[in-house]
Amino acid sequence: MARKTTATREAITTVAAWTIGFLIFFPILWIIILSFKSEGDAIKTPLAVLTSDWTLHSYAEVQERSNYARHFWNSVVLSLGSTIVALVIAIPAAWSMAFVPGKRTKDLLMWMLSTKMMPAVGVLVPMYLLFRDFGLLDSRIGLVGVLTLINLPIVIWMLYTYFKEIPGEILEAARMDGANLRSEILYILTPMAVPGIASTLLLNVILAWNEAFWTLQLTTSNAAPLTQFIASYSSPEGLFYAKLSAASTMAIAPILILGWFSQKQLVRGLTFGAVK
Amino acid sequence: MTMTLRAMLGATVALTLTGAALAETTITVATVNNGDMIRMQGLMDAFNAKHPDIKVEWVTLEENVLRQKVTTDVATKGGQFDVMTIGTYEAPIWGKQGWLVPLNDLPADYDVDDLLPAIRGGLTVDGNLIAAPFCGESSMVIYRTDLMEKAGLSMPEAPTWAFIKEAAAAMTDKGSEVYGICLRGKAGWGENMAFLSAMSNSFGAKWFDMEWKPQFDQQPWKDTLAFYLDLMTNYGPPGAANNGFNENLALFQQGKCGMWIDATVAASFVTNAAESTVADKVGFALAPDNGLGKRGNWLWAWNLAIPAGTQKEDAAKTFVAWATSKEYLALVAEKEGWANVPPGTRTSLYENPEYQKVPFAKMTLDSINAADPTKPTVDEVPYVGVQFVAIPEFQGIGTAVGQMFSAALAGSSSAEDALSQAQSFTTNEMTRAGYIK
Chain A
1 MARKTTATRE AITTVAAWTI GFLIFFPILW IIILSFKSEG DAIKTPLAVL TSDWTLHSYA
61 EVQERSNYAR HFWNSVVLSL GSTIVALVIA IPAAWSMAFV PGKRTKDLLM WMLSTKMMPA
121 VGVLVPMYLL FRDFGLLDSR IGLVGVLTLI NLPIVIWMLY TYFKEIPGEI LEAARMDGAN
181 LRSEILYILT PMAVPGIAST LLLNVILAWN EAFWTLQLTT SNAAPLTQFI ASYSSPEGLF
241 YAKLSAASTM AIAPILILGW FSQKQLVRGL TFGAVK
Chain B
277 MTMTLRAMLG ATVALTLTGA ALAETTITVA TVNNGDMIRM QGLMDAFNAK HPDIKVEWVT
337 LEENVLRQKV TTDVATKGGQ FDVMTIGTYE APIWGKQGWL VPLNDLPADY DVDDLLPAIR
397 GGLTVDGNLI AAPFCGESSM VIYRTDLMEK AGLSMPEAPT WAFIKEAAAA MTDKGSEVYG
457 ICLRGKAGWG ENMAFLSAMS NSFGAKWFDM EWKPQFDQQP WKDTLAFYLD LMTNYGPPGA
517 ANNGFNENLA LFQQGKCGMW IDATVAASFV TNAAESTVAD KVGFALAPDN GLGKRGNWLW
577 AWNLAIPAGT QKEDAAKTFV AWATSKEYLA LVAEKEGWAN VPPGTRTSLY ENPEYQKVPF
637 AKMTLDSINA ADPTKPTVDE VPYVGVQFVA IPEFQGIGTA VGQMFSAALA GSSSAEDALS
697 QAQSFTTNEM TRAGYIK
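Read top to bottom, the protein sequences are chains A and B. Residues in the first sequence are numbered consecutively from 1, following the working numbering. Residues in the second sequence are numbered consecutively from 277, following the working numbering.
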């Protein structure tokens, strides 16, 4: 039975939703506003900030001081690279867990997730030594590997929940028609799970883009992504808010735009399987 | 045929020789993103012209990220950097571990005796200079001349804590959002504990006695914390437990602080009319004392060091010698003006009549000279460091104690509780680390 909605109730929920949305977005909006202000204006009271002059000066300074293009390209390679590798590993893994579960599958899933609970700094030294000995410090290949491993548990979990929604009978029917394992995963399962895979992909790109521990620790210049670009603008003594805001805006803009265009896909994927 | 072969051989040899002459050494320099370091990156043409065979690759990072990164690299001998920017806290610890290349063989024109004794002392381990100072800083009282005048007071060049309290009371006008004093309250070994440790020295307090026993249960620490809490509760801005350097800087620049005791580097920010609304109403004075012979100011320097094991030691040394030389100071003065020269490293800079005209030059030098990292407080202590204790365990201990004191400022615990927690926590940590037998 559909719930009765009155005009008032709808108006209230709309206003509430917009207010909450605005509150959540406000810090980002404020960063964007500050990035178009001079340093002197950026620390004024909020009203004075809004009425002061707009300028592109901070962007020019950031552009002059840092090599944005190189950091940006590294971020793209790292986030896309790690996501693709993670999906290649996770799709077969999630298939086996969803369709041919063993006695310990649930425990295995829990164990995988539990690795996310360990603080990253706990394995910093061994990781650093491994990277040093294999000559992977400041290399994109090394970081793609690390980011893949970090996000793999979440990717497998997400895909596992999507695959669980797909009736096993369809796969069985495919097998009856002579499909082998490879074509079953490639031509039956994957196309059916496209919304789930797409949202997993998007979420993983966002997580990898924002990863700021390993990308800072294991890079110097060649493989350094946007996280290091940001880290060169914040400071405990003498913070330049306008410049930091400009750098932040430049770092988050690509992922913000990606999120904006794919929000339908993201929401669909994230709520997929939530209502049975 | 023979001629052609000979010509080809000759050409090959010539090309190889030219190639060798142009062989470039690339050194990677990890550095903090303060104004002085950023400025140097813009002046690299002068270095490149003089040393075309050395290419410098910069990795510029925020202080805390930099510290974590270079510490990991130097401790694991990762070899990612050929030159590292380190503070006066790390220098003696790393020097003792043998992680740094001694800089005893710098060229004669470097004039190592010109380095300020207080700064050089903190960078010398077993008689070896293990890092070259790039810029030094201390802390001092920064105050509003107009508010001081309005209060009918006049700031002495070397004020006492009693005067600071009197002035804070007179300047506070909470109705107009003007607070007599702004001090650090944010928890952290480099945040509130830098200020409180330095302040405690002027009260005769110390972190440890000669047996490495913590001293938070002694009267001088009780006096320090009580005085600080009294000042901040009555005359400080609301929410001060969250304020660090940047927050206080913003408050001061907006005209909300009568006095602010913090890093000397703040002088150039608060007097810059483009950022500060009170740029023409700022005065400076030495950090306060209590008549015990020590002032409440700290001493810090950013230094260039070369990690042991680098393959490019010679090129790294050439760069370090250039970046910390008199020649570099003159270069900055010529290109950017005397006020932008990295302060606090060389005696000759402060003897230069041109530099003496910079408004905060004398105060910076006097503040630096007033601190001695080898004798930080009134009594003798087993450690080096004015606002820190140069032992590896201090970062963790300092931050935990900072949280306890910050909670006392926020009002969620009392001063007595904070001190007794600090005492038992520090005792445990020092026992575990093997200092207390």
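What the hints contain is simulated information worked out from the structure, not anything from laboratory work. Hints are not guaranteed to be accurate.
[To be verified] For lysine-lysine, the following DSS-like pairs were computed, each having C-alpha atoms within a straight-line distance of at most 25 Å:
id	chain 1	residue 1	chain 2	residue 2
1	B	Lys441	B	Lys557
2	B	Lys450	B	Lys532
3	B	Lys638	A	Lys44
4	B	Lys611	B	Lys633
5	B	Lys557	B	Lys651
6	B	Lys557	A	Lys44
7	B	Lys372	A	Lys44
8	B	Lys326	B	Lys353
9	B	Lys426	B	Lys441
[To be verified] Each pair of labels, with its calculated beta carbon distance range:
id	chain 1	residue 1	chain 2	residue 2	range
10	A	Val123	B	Pro629	48 to 58 Å
11	B	Gly355	A	Leu258	28 to 38 Å
12	A	Val123	B	Gly451	31 to 41 Å
13	A	Leu258	B	Ile712	32 to 42 Å
14	A	Val123	B	Gln494	33 to 43 Å
15	B	Lys713	A	Trp73	52 to 62 Å
16	B	Ser690	A	Pro46	29 to 39 Å
17	B	Glu487	A	Val123	33 to 43 Å
18	A	Leu256	B	Gln495	50 to 60 Å
19	B	Gly451	A	Trp73	53 to 63 Å
Just so it is clear, the structure is predicted and the values come from calculations on it, not from any experiment. Beta carbons: idealized from backbone N, C-alpha and C, even for Gly.
Against the structure, the hints:
{"no.": "1", "hint": "B:Lys441 <-> B:Lys557", "result": "holds, 20 Å"}
{"no.": "2", "hint": "B:Lys450 <-> B:Lys532", "result": "holds, 9 Å"}
{"no.": "3", "hint": "B:Lys638 <-> A:Lys44", "result": "violated, 31 Å"}
{"no.": "4", "hint": "B:Lys611 <-> B:Lys633", "result": "holds, 17 Å"}
{"no.": "5", "hint": "B:Lys557 <-> B:Lys651", "result": "violated, 35 Å"}
{"no.": "6", "hint": "B:Lys557 <-> A:Lys44", "result": "holds, 18 Å"}
{"no.": "7", "hint": "B:Lys372 <-> A:Lys44", "result": "violated, 47 Å"}
{"no.": "8", "hint": "B:Lys326 <-> B:Lys353", "result": "violated, 30 Å"}
{"no.": "9", "hint": "B:Lys426 <-> B:Lys441", "result": "holds, 16 Å"}
{"no.": "10", "hint": "A:Val123 <-> B:Pro629: 48 to 58 Å", "result": "holds, 56 Å"}
{"no.": "11", "hint": "B:Gly355 <-> A:Leu258: 28 to 38 Å", "result": "holds, 36 Å"}
{"no.": "12", "hint": "A:Val123 <-> B:Gly451: 31 to 41 Å", "result": "violated, 54 Å"}
{"no.": "13", "hint": "A:Leu258 <-> B:Ile712: 32 to 42 Å", "result": "violated, 55 Å"}
{"no.": "14", "hint": "A:Val123 <-> B:Gln494: 33 to 43 Å", "result": "holds, 41 Å"}
{"no.": "15", "hint": "B:Lys713 <-> A:Trp73: 52 to 62 Å", "result": "holds, 56 Å"}
{"no.": "16", "hint": "B:Ser690 <-> A:Pro46: 29 to 39 Å", "result": "holds, 36 Å"}
{"no.": "17", "hint": "B:Glu487 <-> A:Val123: 33 to 43 Å", "result": "holds, 37 Å"}
{"no.": "18", "hint": "A:Leu256 <-> B:Gln495: 50 to 60 Å", "result": "holds, 56 Å"}
{"no.": "19", "hint": "B:Gly451 <-> A:Trp73: 53 to 63 Å", "result": "holds, 54 Å"}
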